[in-house]
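Trainee: Turn these sequences into a full structure, and let the hints guide you.
Protein chains in written order, with the numbering used here: chain P, 5 to 136; chain R, 5 to 136.
Each hint should be verified, as a subset may be incorrect.
Remember, identical chains collapse to one label, so a pair may be satisfied in a single copy or spanning two.
[As the list claims (entries may be wrong)] Derived lysine to aspartate or glutamate pairs resembling DMTMM-like cross-links, with alpha carbons at most 25 Å apart:
1) K17 / E43
2) K17 / D123
3) K17 / E89
Don't read these hints as lab results, they were simulated from the structure.
Take a look at the letters that make up each chain.
2 protein chains.
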Amino acid sequence: MTQPEPEIVEEIKAANQRFYDAFSALDISGMDNVWENSERAMCVHPGWTPLVGWESIRMSWDRIFQNANLMQFQIRYLNVVVQGEFGCITCVEGINSVVQGNAGSFSTFATNVFARYEDGWRMVAHHASGSG
Amino acid sequence: MTQPEPEIVEEIKAANQRFYDAFSALDISGMDNVWENSERAMCVHPGWTPLVGWESIRMSWDRIFQNANLMQFQIRYLNVVVQGEFGCITCVEGINSVVQGNAGSFSTFATNVFARYEDGWRMVAHHASGSG
Chain P
5 MTQPEPEIVE EIKAANQRFY DAFSALDISG MDNVWENSER AMCVHPGWTP LVGWESIRMS
65 WDRIFQNANL MQFQIRYLNV VVQGEFGCIT CVEGINSVVQ GNAGSFSTFA TNVFARYEDG
125 WRMVAHHASG SG
Chain R
5 MTQPEPEIVE EIKAANQRFY DAFSALDISG MDNVWENSER AMCVHPGWTP LVGWESIRMS
65 WDRIFQNANL MQFQIRYLNV VVQGEFGCIT CVEGINSVVQ GNAGSFSTFA TNVFARYEDG
125 WRMVAHHASG SG
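Mentor: Written out as structure tokens, the structure reads:
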């Protein structure tokens, strides 16, 4: 285990930020660009059963975006792990939301995993859960 | 993205199994051997705030093991991602437990991340959450 290069850490944080930008924008084509569109991609939304494969994951974002009126994120980084072509971020998602007309303000924890490609980092796993 | 070699997938599953073996045995020295004993290690127990760094994580296992009388796991694999020196497993943890004298039977979901060393794979992140 060696200390990761700071610029690599920044690259992965930027990919992580693009994920939350697409989430805030309720932008499904943004999600297409952020995620690895593969069968191995994995996603756990808080309280949901894990979804495996981009097709199921994309449908879940579609459903979430259809129900959400507003999603705003304040991301606080707890940990960034880099090992070769893989990056793993743990962060607190501070969320202000309006979903189906109901406003809420809460925090969840996410572990986000990224794989490196020639054109940048893509999300390959997202596991989010609440604190309760 | 290429298909991972089956023997590498088996190696990571074996490391994952060693984690649940140590958990079932309530064996803190087993955990010492399973985990990367580093500052970058990260752990989210269901409903807990994320713990970063092996010192905090080890203390949490100590606390869990002190309260648990019995932990039995049935692991069902949903997904294994391998990219170079990194592996990421998503699984369902079917659990039978007795904690502080109370028996329970339930399922949780875990994303477990492993880094490869010369002598094998070590857990670097564990994010577990319930289905509720």
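Trainee: Given identical chains, is K17 near E89, meaning Cα to Cα at most 25 Å, within a copy, between copies, both, or neither?
Mentor: both (14 Å within a copy, 20 Å between copies)
Trainee: When Cα atoms must be at most 25 Å apart, do K17 and E43 count as within-copy, between-copy, both, or neither?
Mentor: both (24 Å within a copy, 19 Å between copies)
Trainee: Check K17 against D123 for me: Cα-Cα at most 25 Å, and say if that holds within a copy, between copies, both or neither.
Mentor: within (15 Å within a copy, 30 Å between copies)
Comparing the model with each earlier hint shows no violations; every hint is respected.
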